[in-house]
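Assemble the whole structure, with the sequences as input and the hints as a guide.
6 protein chains.
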Amino acid sequence: MRKNLMEYNDGEEMEILVMIKESKMRTSKNGKPYLILNFSDASGTIRGNYWDATKEDAQRYASGTVVELNGKREEYQDHPQIKIFSMRVVGENEGYDFSQFVKSAPIKRENLEETINKRVFEILNPTWNRIVRYLLKKWNQEFFTFPAGKSNHHAVRGGLAFHTVTMLKDAEGITNTYPQVDRSLLYAGCILHDMGKVLELSGPVATKYTTEGNLIGHLVLIDEQIILAAKELQLDPEAEDVVLLRHMVLSHHGLPEYGAARRPALLEAELLHMIDDMDATIYAITRALQYTKPGYFTDIIPSQDNRRFYRPKQDEAIDNSQKLE
Amino acid sequence: MRKNLMEYNDGEEMEILVMIKESKMRTSKNGKPYLILNFSDASGTIRGNYWDATKEDAQRYASGTVVELNGKREEYQDHPQIKIFSMRVVGENEGYDFSQFVKSAPIKRENLEETINKRVFEILNPTWNRIVRYLLKKWNQEFFTFPAGKSNHHAVRGGLAFHTVTMLKDAEGITNTYPQVDRSLLYAGCILHDMGKVLELSGPVATKYTTEGNLIGHLVLIDEQIILAAKELQLDPEAEDVVLLRHMVLSHHGLPEYGAARRPALLEAELLHMIDDMDATIYAITRALQYTKPGYFTDIIPSQDNRRFYRPKQDEAIDNSQKLE
Amino acid sequence: MRKNLMEYNDGEEMEILVMIKESKMRTSKNGKPYLILNFSDASGTIRGNYWDATKEDAQRYASGTVVELNGKREEYQDHPQIKIFSMRVVGENEGYDFSQFVKSAPIKRENLEETINKRVFEILNPTWNRIVRYLLKKWNQEFFTFPAGKSNHHAVRGGLAFHTVTMLKDAEGITNTYPQVDRSLLYAGCILHDMGKVLELSGPVATKYTTEGNLIGHLVLIDEQIILAAKELQLDPEAEDVVLLRHMVLSHHGLPEYGAARRPALLEAELLHMIDDMDATIYAITRALQYTKPGYFTDIIPSQDNRRFYRPKQDEAIDNSQKLE
Amino acid sequence: MRKNLMEYNDGEEMEILVMIKESKMRTSKNGKPYLILNFSDASGTIRGNYWDATKEDAQRYASGTVVELNGKREEYQDHPQIKIFSMRVVGENEGYDFSQFVKSAPIKRENLEETINKRVFEILNPTWNRIVRYLLKKWNQEFFTFPAGKSNHHAVRGGLAFHTVTMLKDAEGITNTYPQVDRSLLYAGCILHDMGKVLELSGPVATKYTTEGNLIGHLVLIDEQIILAAKELQLDPEAEDVVLLRHMVLSHHGLPEYGAARRPALLEAELLHMIDDMDATIYAITRALQYTKPGYFTDIIPSQDNRRFYRPKQDEAIDNSQKLE
Amino acid sequence: MRKNLMEYNDGEEMEILVMIKESKMRTSKNGKPYLILNFSDASGTIRGNYWDATKEDAQRYASGTVVELNGKREEYQDHPQIKIFSMRVVGENEGYDFSQFVKSAPIKRENLEETINKRVFEILNPTWNRIVRYLLKKWNQEFFTFPAGKSNHHAVRGGLAFHTVTMLKDAEGITNTYPQVDRSLLYAGCILHDMGKVLELSGPVATKYTTEGNLIGHLVLIDEQIILAAKELQLDPEAEDVVLLRHMVLSHHGLPEYGAARRPALLEAELLHMIDDMDATIYAITRALQYTKPGYFTDIIPSQDNRRFYRPKQDEAIDNSQKLE
Amino acid sequence: MRKNLMEYNDGEEMEILVMIKESKMRTSKNGKPYLILNFSDASGTIRGNYWDATKEDAQRYASGTVVELNGKREEYQDHPQIKIFSMRVVGENEGYDFSQFVKSAPIKRENLEETINKRVFEILNPTWNRIVRYLLKKWNQEFFTFPAGKSNHHAVRGGLAFHTVTMLKDAEGITNTYPQVDRSLLYAGCILHDMGKVLELSGPVATKYTTEGNLIGHLVLIDEQIILAAKELQLDPEAEDVVLLRHMVLSHHGLPEYGAARRPALLEAELLHMIDDMDATIYAITRALQYTKPGYFTDIIPSQDNRRFYRPKQDEAIDNSQKLE
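Top line first, the protein sequences correspond to chains A, B, C, D, E and F. Letter 111 of the first sequence, counting from 1, is numbered 111 in UniProt numbering, and no numbers are missing. Letter 260 of the second sequence, counting from 1, is numbered 260 in UniProt numbering, and no numbers are missing. Letter 57 of the third sequence, counting from 1, is numbered 57 in UniProt numbering, and no numbers are missing. Letter 155 of the fourth sequence, counting from 1, is numbered 155 in UniProt numbering, and no numbers are missing. Letter 207 of the fifth sequence, counting from 1, is numbered 207 in UniProt numbering, and no numbers are missing. Letter 35 of the sixth sequence, counting from 1, is numbered 35 in UniProt numbering, and no numbers are missing.
Check before you lean on any hint, since a few could be wrong.
Note: identical chains are not told apart, hence a pair may lie in one copy or across any two.
[Said to hold, decoys possible] With a straight-line cut-off of 25 Å between C-alpha atoms, the simulated DSS-like cross-links for lysine-lysine are: (1) K24 / K293; (2) K55 / K293; (3) K231 / K313; (4) K32 / K293; (5) K24 / K118; (6) K24 / K169; (7) K83 / K137; (8) K313 / K208; (9) K169 / K293; (10) K150 / K313; (11) K72 / K169.
What the hints contain is simulated information worked out from the structure, not anything from laboratory work. Since the model is a prediction, treat every value here as computed from it, not as a measurement.
Printed below as a string of structure tokens:
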């Protein structure tokens with residue numbers, strides 16, 4: 001049970017502890033029901049079919065269940081899959097941590113936390129500094145474990161903080177090139193912009209949207225948190241700097257069509273939107289290129305207007321992006 | 001000084017107390033500066049040109065100044081205007097109330113207040129009822145004097161409450177036809193939906209957008225008020241009914257392109273949007289038809305996609321709409 | 001054979017007279033052809049698969065055929081279906097009425113007819129009154145049995161008249177709130193606006209678009225009927241009131257993209273469009289909420305821009321909407 | 001009075017009979033009202049300013065008035081204008097024909113009529129042939145004198161028939177290249193497609209939209225004519241060939257956004273739309289190029305998405321297009 | 001083996017040499033892999049399923065393989081398919097030409113070549129004439145064998161030249177009707193506009209996009225060819241006529257959204273775009289109508305905004321379009 | 001003549017050498033023609049009116065003329081203007097350099113050149129390195145003096161190279177954060193992406209679009225230069241690295257609607273587009289904020305979707321952006 005799920009080769013048998021990330025019942029056309037199961041651990045995800053499933057099987061092997069899986073890796077239509085020999089549900093009392101079955105961001109939590117704290121020191125405006133520190137403390141556990149999305153960009157454990165850290169690096173470079181940009185405001189915006197996802201999403205495992213997430217959305221949810229923080233910290237909620245910070249988070253999706261409650265009307269708000277967009281774009285394209293051989297185009301990338309991207313033949317140096325997920 | 005501004009006839013002279021609603025300096029092509037002044041009182045607005053204006057004149061006769069105007073009404077290119085003989089600035093100590101120079105909604109404040117209070121009783125959900133009553137009390141003075149817009153629909157003193165009252169009447173009819181609609185939620189939504197305008201706009205006289213109005217917008221501003229009210233009333237802000245009410249106000253513009261922070265996802269939220277849209281549309285078309293002779297098309301109406309509307313030749317019964325502004 | 005199709009429980013056997021609403025041939029991947037059949041009676045529709053079907057079976061069990069069905073209700077992937085034991089085609093001579101296999105609007109024809117006739121009395125303009133009465137008489141049978149759509153809103157027997165009646169109720173409320181609206185014109189528009197569907201659609205059973213429906217559309221088809229009615233009634237087709245009525249029906253889809261031959265250019269035409277849109281929207285959302293448990297979102301609703309709507313946890317009073325279909 | 005308006009040179013004096021095509025009152029910034037007059041005869045249009053105009057002057061020199069003009073042609077900001085010495089209104093009893101003051105299509109009425117009649121013979125389907133001949137006869141006078149538009153393409157006397165003739169030539173070429181196209185249907189469509197303009201527009205002089213034109217539009221107006229013609233000719237209005245012909249005219253604007261009541265659903269309907277579009281486009285670009293020197297771009301052409309077109313330096317052979325207007 | 005693939009009737013057995021145009025592996029729900037094969041020869045394409053396929057079968061029967069097929073034509077869900085009895089791979093040494101398995105344009109290469117050469121003589125501008133002749137010679141073999149598209153319009157052997165020839169015929173008719181159009185420029189544009197496809201596409205058999213095709217596109221690829229031709233022919237690349245010709249090819253898709261590097265800014269460029277669009281549209285609609293019975297609508301045509309087109313009941317003369325593919 | 005144009009105060013007289021950047025004739029409503037003149041030197045631009053101008057004056061004081069201006073600075077409607085006392089045309093023989101009348105980029109040419117050359121060393125791919133060096137040499141003089149636009153972003157002398165340099169700085173930061181990005185390709189793309197403007201624009205003084213610029217556009221013009229450079233350097237134009245570089249420049253506008261001949265299909269191409277967009281956006285917003293007082297919104301910025309941006313009250317540190325123009 002030492003080896004990770006993705007480390008088995010074609011034809012190799014396995015006996016391994018994995019989580020069922022997703023379970024869907026289907027029926028073959030000859031009338032027999034079966035389950036499509038996505039098994040996962042920290043190394044990744046592989047599919048397997050469980051034939052002749054009963055209603056009880058469907059309940060037993062639901063999404064989120066941890067099982068001891070006995071099976072064999074096979075190649076099927078250019079994609080790996082698991083031929084299932086047998087499975088046994090493993091109870092929570094048998095000693096495991098759900099987080100061991102979820103992929104994590106390529107940077108460790110300590111390092112993410114350290115980088116962010118360092119930037120907080122550079123937020124010179126005291127109002128912004130206090131609100132950012134208050135909320136980082138209030139939501140600390142969630143902020144450093146949640147993904148940045150259900151399935152799109154940075155959809156890994158710790159992805160939210162990882163996304164924040166790469167954006168802070170971008171922001172640093174840009175404020176070096178353009179000294180007219182208010183670094184404090186841009187840093188505060190980077191750290192808070194997606195923090196509402198700790199309320200919008202259900203958590204790092206088997207992530208779903210919450211009802212609040214669906215009906216209010218993470219932009220207004222973090223705005224709510226800023227209002228409550230300001231009240232708690234006895235800051236005047238009508239002061240200009242509170243209004244500026246709220247505008248940053250409320251406008252960071254750029255266009256209303258993409259969820260912005262307001263179009264950016266500050267230089268820093270426009271930049272926050274652009275950096276956010278750039279970081280998510282680089283992540284999505286890089287991930288698609290990882291699965292593509294040099295000389296070929298990627299599959300369609302839905303988040304990029306269904307475009308395909310080309311991996312040049314001469315490309316051999318993309319290994320460092322392996323760390324992405 | 002008994003007669004109102006709009007009651008003078010073509011060629012008639014006047015000596016009257018009016019407010020300069022708007023003052024703009026222009027220069028004629030022969031090099032002489034002059035002022036374009038819009039005079040107003042409770043009966044309406046007429047333009048006049050002040051020739052050979054100095055810089056001092058421009059400062060003296062700024063927007064918002066009250067003057068004693070001596071002049072004559074003339075017809076010019078199918079529009080009335082004032083030929084100015086003389087003007088004298090009237091100080092605030094000379095005893096007038098700014099509100100006397102602003103047009104008002106056709107229904108009196110007492111009646112508006114009574115109608116709204118009656119509907120509040122029909123809001124059966126206690127959370128919604130308490131929040132609505134709390135905010136109606138907190139913003140009472142503003143809510144019953146502010147317009148609903150700077151220049152578009154219901155841009156009159158008390159227009160905000162007037163718009164709310166006609167929407168409540170529409171909501172009553174609709175919940176009669178469709179019993180599956182939650183009347184309490186729809187009424188609460190109608191009353192609160194535009195209340196954020198008390199923060200978005202500067203007031204009933206010489207109305208402008210505030211900085212908060214520009215950077216946050218009235219949808220999120222009333223959301224903020226609901227959050228603070230819930231905290232004050234010790235209601236659980238995570239309770240479903242608070243979330244539903246917030247969704248109502250955050251989504252009432254329907255489409256993100258029109259300012260909705262979220263698209264409606266409740267039957268009642270969709271209806272709130274539709275009623276709001278319908279009431280504003282009827283107001284805009286009716287106002288344009290008032291200025292149009294039977295058998296002709298109105299001028300272009302910007303809020304209606306630049307459409308023109310036709311006033312039928314047979315139409316003689318539109319007098320009741322005179323009350324609009 | 002007393003029980004209706006939808007009244008059987010999971011696992012219960014049935015012997016029942018039903019119509020095959022739709023029949024499609026498919027082939028399983030192991031090469032065997034089978035039929036997907038949708039059985040329906042006045043209580044609703046359930047699917048069943050007919051395995052190992054021959055070409056003759058496909059012809060015998062075509063859409064629109066009435067059969068005596070012997071089978072059992074089963075639960076399959078969260079949806080009910082029928083396991084077919086045997087079927088026998090029932091000839092028209094065996095004494096049934098097609099209408100007994102089609103769901104009907106929740107209000108009886110007599111009541112619909114009575115409500116509409118009452119409104120016709122309130123159409124004071126004699127031209128509109130005569131045209132409306134002429135066409136109601138000419139198309140009486142179709143108007144009170146056709147659905148308002150093939151599969152979208154009010155797709156039930158009598159749906160066209162039912163849709164008309166709820167719109168007339170809305171129109172009544174609105175003309176009470178806004179006296180400047182011409183009630184006669186709005187009522188005439190409500191009654192005629194969708195009447196072209198009696199030519200656009202094939203009928204209440206197994207509804208399809210006619211060739212005329214596809215090539216001309218119901219807006220211009222009812223316009224044609226108005227022209228011919230005016231000629232028949234010896235009304236001057238160039239008179240303004242005929243032109244106004246034609247404009248009402250030609251513009252009632254609001255935007256050209258949604259089929260309007262002209263954008264509304266009368267206050268009443270704009271309102272007709274808004275009421276039509278509102279009634280169809282309420283119908284579609286209500287129907288989707290009926291199939292949704294409190295605390296959940298509906299499936300995607302195609303006619304509502306693929307939005308999902310939320311049914312609040314607190315919701316228990318939606319039973320009255322059961323009557324919808 | 002032999003010379004035409006456009007034949008005078010810069011600085012030359014004139015005494016000439018012209019029509020005031022358009023008259024607008026303006027006020028100079030030094031407070032003096034004046035009239036902007038557009039004078040026209042069959043050779044074209046030139047502007048002149050009438051200074052110090054009284055209200056009586058404005059009424060006397062209204063749009064559509066014929067005057068004896070005494071003045072001088074001057075160059076002003078690269079455009080010619082008339083310096084007015086004096087004007088005298090000329091009564092209708094003094095013997096002139098309004099048509100002499102309006103520019104005409106470059107082909108004579110007899111020739112247009114002959115070309116169209118020749119094509120009618122090639123419409124082999126008897127239904128289409130009879131309807132086309134019936135309507136050509138009914139609207140003969142209007143069809144051969146009306147323009148095809150108020151100000152856009154083919155806005156000259158006889159422009160409607162001229163536009164029809166060039167389209168018929170295009171249709172002939174296309175049906176030669178693609179024998180699968182039904183020539184009869186395409187020819188019938190070409191002849192009728194814009195004939196509704198005889199009801200939509202007010203006439204060849206001082207052209208305006210009629211109320212019917214605004215509220216119904218020329219596509220549905222010609223559809224009405226086809227319905228009435230079919231009734232008159234005792235043709236079955238439900239017959240497929242009548243429906244096809246109606247579809248041709250109802251869909252000829254291609255997209256609903258451009259006024260089509262239906263998108264084309266016949267090969268011939270799609271072609272009718274394309275030929276119409278092409279002919280109007282060539283007219284608009286050619287007219288703009290006529291006013292442009294080789295080596296330069298035209299002014300913005302509103303009907304062509306505000307594009308500018310380039311007239312090549314090598315271009316010297318565009319003289320034949322002078323005939324356009 | 002004399003009969004062509006499409007000439008066999010339902011139920012008839014065959015032993016025939018065909019190419020596998022496309023081969024895709026699928027798995028049936030009972031777990032068995034199989035191949036979907038599209039067999040083709042010069043007469044057309046039919047599908048067949050190869051059951052219980054191994055990985056080796058998939059490699060053996062790859063796209064582009066020629067096989068001796070023993071099987072039987074069957075009707076399946078209204079579409080013909082082949083029931084496969086056996087297949088044998090036929091080596092290239094067994095004497096066949098790939099072109100015999102690909103459908104060809106309905107006009108012979110000699111005739112296409114002759115028509116185009118005749119038009120080249122009418123290109124009077126020597127620069128355009130020399131460039132056109134240079135490129136026709138350089139790419140002669142490809143130009144007369146490549147299709148005009150991978151799967152959309154004119155996707156047959158020789159389709160590129162066939163498309164060019166019908167466009168030249170259209171251009172001739174149009175320049176006859178409108179003498180202001182520069183025929184030389186329009187002809188040169190027609191001949192070159194799609195010639196970049198000889199670099200964008202891989203060839204007439206099993207056509208794919210090349211990397212250059214994907215990253216540069218055929219508009220800029222033919223622009224490159226013009227630049228290199230001008231250099232080779234020692235023509236001044238800055239001369240206006242070279243720039244005009246480049247503008248023609250770079251703008252011929254009309255709108256940037258459809259791939260135009262520049263919107264047309266010459267009358268001839270606009271016409272080139274319109275003719276190209278019209279020819280492709282006629283081809284697509286005609287092909288769809290060929291598969292449709294009189295009185296029915298075609299399937300959705302993706303290239304025509306998913307519209308369906310109607311084939312009139314009276315239509316019996318469409319046989320000549322059979323030649324299309 | 002030591003003081004620069006922008007250094008004079010309100011009411012101060014001047015005698016100064018300036019260029020007439022733009023000259024337009026207008027006529028006042030009392031019939032007198034006058035010239036609107038925009039005077040400029042390296043410090044900026046101010047308007048002045050030249051009253052009672054003759055045709056000869058208009059020719060004498062044309063755009064691009066250098067004059068000795070005697071006048072006085074005045075404040076007029078919140079904007080400075082020059083009251084002209086007298087003007088004298090100064091001949092080119094009187095010893096001045098046009099460049100002294102044009103504003104320059106805030107960084108000196110030597111420094112721009114040095115920064116760019118340093119980056120060229122980091123382009124490791126020999127093909128890209130040679131092409132970049134070849135074209136930098138070929139267009140050296142133009143590249144370091146041309147603006148990046150006629151009136152939008154970086155519309156100053158040397159603006160093209162200045163824009164390139166800030167983009168290279170951005171590119172450096174981004175390739176540090178994301179090591180998977182090919183730095184060589186991104187740098188080569190930055191340097192070449194706008195170099196086609198040396199052919200698209202007429203030069204640094206009185207900048208206009210060339211005919212080539214209008215008909216071909218700078219994206220395809222630099223593509224042409226790469227093709228010719230590759231030929232000159234005997235590089236294989238079909239090699240992948242040439243194709244990749246061409247794709248970079250052809251796609252750098254991102255969307256076809258904004259002029260991209262191809263949408264980006266390389267990670268580096270997408271980044272080039274984003275950096276270009278970001279740099280132009282920062283420039284446009286910063287410039288607008290420079291003219292705006294703290295606590296106010298800028299005028300509408302056309303290049304930013306007509307948005308207004310807010311300059312916070314607390315903002316005092318924007319002085320460094322003064323250098324922009």
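Going through the hints against the structure:
1. K24 / K293: between (31 Å within a copy, 20 Å between copies)
2. K55 / K293: between (41 Å within a copy, 21 Å between copies)
3. K231 / K313: Classified as between; 22 Å across copies, 57 Å inside a copy.
4. K32 / K293: Classified as neither; 37 Å inside a copy, 28 Å across copies.
5. K24 / K118: neither (45 Å within a copy, 52 Å between copies)
6. K24 / K169: neither (40 Å within a copy, 46 Å between copies)
7. K83 / K137: neither (46 Å within a copy, 58 Å between copies)
8. K313 / K208: Intra 39 Å, inter 18 Å, cutoff 25 Å: inter-copy only.
9. K169 / K293: neither (30 Å within a copy, 31 Å between copies)
10. K150 / K313: between (33 Å within a copy, 24 Å between copies)
11. K72 / K169: neither (43 Å within a copy, 51 Å between copies)
In summary, the numbered hints that this structure violates are 4, 5, 6, 7, 9, 11.
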